Amino acid sequence: MLWRAIRLALQAIRRNALRSFLTVLGIVIGVGAVIAMVTIGHGTTERVTSDLQKLGSNLLIVRPGQSAMRGPGAAGAEADPFKERDLQALRQQLYEVRAVAPVASRAVTAVFGNENWNTRVTGTDNAFLAVQDWNLVAGRRFLDSELRAGRAVCIIGATVRQELFGRRDPIGERIRLRKIPCEVIGLLEAKGETSFGTDQDDTVLLPLRAFHRRIAGDTDIATIMVSAADTADTAKVQADIERLLRERRHISPGEDDDFYVRDMKQVITMMAGTTSVMTGLLGAVAAVSLLVGGIGIMNIMLVSVTERTREIGIRLAVGALERQVLLQFLVEAVVLSLFGGTVGIVLGLGLAGAAVELLDIPFVFDPAIVVIAFVFSAAVGVIFGFVPARRAARLDPIEALRHE
Amino acid sequence: MQAARQYPQRADGKAALIELQRAVKVYGGGAASVRALDGIDFAIQAGEFVAIMGPSGSGKSTAMNVLGCLDTLTAGRYLFQGVDVGNLARNQRALLRRHFIGFVFQGFNLLARTTALENVELPLVYRGMPARERRRRAADALGRVGLSGREAHTPAELSGGQQQRVAIARAIVTAPDVLLADEPTGNLDTGTSREIMKLVTSLNRDQGITVIMVTHERDIATYAPRIVSFLDGRIASDVRNRDAA
Ligand SMILES: Nc1ncnc2c1ncn2[C@@H]1O[C@H](COP(=O)(O)OP(=O)(O)OP(=O)(O)O)[C@@H](O)[C@H]1O
Ligand SMILES: [Mg+2]
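Which chain is which? The protein sequence lines are A and B, in order.
Residues in the first sequence are numbered consecutively from 1, following full-length UniProt numbering.
Residues in the second sequence are numbered consecutively from 1, following full-length UniProt numbering.
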């Protein structure tokens with residue numbers, strides 16, 4: 001009986017090629033769109049999160065002024081900048097900390113021979129490398145003596161190396177930063193772009209004191225990066241930093257901080273939140289196309305209901321049982337939905353694959369969404385193919401034949 | 001052709017093949033309701049060939065639909081081989097149609113975009129006949145109505161008369177006990193009508209198929225040995241036709 005129903009259903013599908021095609025198309029578009037959108041959304045979230053994680057998840061960033069997150073007009077310039085004393089104090093008095101690094105930078109032009117290149121030079125020390133988990137591929141770190149004396153030696157990023165030296169070995173060469181000759185002692189491992197498009201390798205590191213004296217002309221430290229120990233509770237480290245700095249900066253109780261500590265974990269969570277909002281939006285767009293596809297199917301099924309009702313009347317009149325007719329229609333709806341759903345999945349994954357390639361994000365396969373899209377479109381196909389058929393099959397044949 | 005005698009409701013003690021008792025069919029409700037059948041009584045024995053005549057709107061098609069178990073009465077009883085069809089479940093009525101009845105609709109009712117052969121095969125599909133046998137029989141039935149060579153045509157590719165003949169082929173392909181034909185020659189020219197009537201007559205005579213046929217045309221009715229006339233949902237006359245061919 002099932003076999004016969006399948007044969008009849010396939011016959012009906014073939015006979016009504018256009019109607020079948022449109023039904024399948026509705027399902028294909030719905031399922032394909034949902035899968036493509038959600039896969040792309042997931043990939044983006046994954047990319048952003050992993051980028052931020054590479055920055056170091058136990059990283060705390062300390063800056064003078066009020067958090068930029070509280071909006072513009074925050075009095076960053078008015079607050080006293082950090083000095084080397086603050087750095088020393090943090091290094092001596094914080095527990096459960098892996099490294100504390102100063103960061104002060106300026107845009108400069110680096111020159112080597114006939115080549116010059118606009119880049120950023122950062123005054124810091126070896127802690128900077130520890131905080132960022134950044135390794136050297138050639139040369140060495142700063143020596144304590146160099147740091148203490150503020151010697152003009154530098155470690156350069158891969159982009160600077162490429163622009164100034166091409167394929168040549170930069171170690172031991174002298175470059176000029178704002179006319180100051182500076183020996184290249186190390187080459188940083190390439191990190192690539194962040195997901196926000198900044199090139200991390202476009203950098204030159206200088207001992208902090210050399211930077212202060214020769215480049216900046218002041219003794220300010222714009223940012224202090226603190227890397228908490230792996231086992232540490234970053235919230236506690238943050239509280240310690242805040243207590244310490246309030247004390248040092250003589251902020252009385254009840255007064256607002258004139259500096260802020262940002263936990264990168266929070267930033268990661270926030271960014272991941274933003275991208276999952278985006279995934280949600282993409283999902284919503286996709287859901288709309290699924291719905292539109294569903295309405296398309298519904299429309300086609302309803303338009304054909306008159307004709308199908310007559311067909312049911314004819315089948316009943318020549319002796320078909322209600323359940324035989326229903327089985328045929330059910331099989332027909334299921335076959336169309338399965339076919340459309342499968343094509344939709346393949347198409348959706350294909351589209352997502354292409355987009356992922358283009359956007360340079362990871363391909364994140366979410367089986368749940370595939371199942372949901374599939375079940376939804378199959379349900380639409382079955383409900384709107386089957387329910388009118390069921391109503392018709394319950395009529396007296398003559399009523400079904402008279403249907404208008 | 002003249003009225004011979006009032007046909008008995010029961011030829012002997014046995015149940016008639018088909019019997020209507022005070023059959024009433026009302027369409028619609030209230031003031032707009034139509035009594036399409038207004039108390040019909042008649043019986044038809046197995047092997048009879050009956051023509052039903054009457055003006056348009058007199059209830060002929062309504063009666064045929066009831067006899068074909070396609071529609072149910074509002075009041076009264078319809079007995080098929082002594083069984084009250086009104087008491088049967090829908091599926092049982094479907095089985096009655098499947099195994100005993102061949103029906104030719106006034107409006108053909110062929111499946112659209114479906115070949116003549118597949119249309120004729122349809123009743124056999126539900127009898128569970130193997131495809132090869134089905135095809136053979138359907139082609140044979142089409143041959144008998146003069147449509148050999150038109151097997152692969154869909155209704156849209158056939159003339160009205162040809163569609164009507166496909167409908168006839170579909171009704172006779174199962175070799176039913178009863179052939180119910182509503183205006184089977186309504187769209188046919190005289191020549192083709194004669195061919196079809198010869199076929200119907202031979203089905204009745206040689207294969208013992210009971211035939212009930214609605215027609216407007218006196219010429220066609222005269223093929224039947226018994227003619228029942230309807231008027232306003234009632235039987236106006238029920239006569240023997242001694243001139244039956
Ligand atoms: N579905 C329906 N709803 C309401 N009235 C109907 C319906 N079908 C038939 N009628 C009415 O019932 C009456 C009998 O109709 P029926 O079709 O049986 O006539 P008929 O004798 O077959 O006529 P014709 O020779 O024109 O085919 C008519 O008055 C018709 O208007
Ligand atoms: Mg009629």
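If you are wondering where the hints come from, they were derived from the structure by calculation, not from laboratory data.
No experiment lies behind these values; they were computed from the predicted model shown.
Cβ coordinates follow ideal geometry from the N, Cα and C atoms, glycine included.
Hints are not guaranteed to be accurate.
Listed next, the stretches of chain B that the computed footprint assigns to chain A, with coverage defined by at least 3 CB atoms under 8 Å from CB atoms of chain A [stated by the list, open to error]:
no., region
1, 64 to 71
2, 108 to 117
3, 124 to 136
4, 233 to 239
Quick list of simulated restraints, FRET-style, between CB atoms [claimed, not checked]:
no., chain 1, residue 1, chain 2, residue 2, range
5, A, H403, B, G143, 32 to 38 Å
6, B, V34, A, L291, 40 to 46 Å
7, A, E46, B, R132, 55 to 61 Å
8, B, G29, A, V292, 38 to 44 Å
9, B, R22, A, R402, 52 to 58 Å
10, B, D219, A, V303, 41 to 47 Å
So, going through the hints one by one against the coordinates:
no. : hint                           : in the structure
1   : 64 to 71                       : holds (count 4)
2   : 108 to 117                     : holds (count 6)
3   : 124 to 136                     : holds (count 4)
4   : 233 to 239                     : violated (count 0)
5   : A/H403 with B/G143: 32 to 38 Å : holds, 33 Å
6   : B/V34 with A/L291: 40 to 46 Å  : holds, 45 Å
7   : A/E46 with B/R132: 55 to 61 Å  : holds, 59 Å
8   : B/G29 with A/V292: 38 to 44 Å  : holds, 42 Å
9   : B/R22 with A/R402: 52 to 58 Å  : violated, 25 Å
10  : B/D219 with A/V303: 41 to 47 Å : holds, 44 Å
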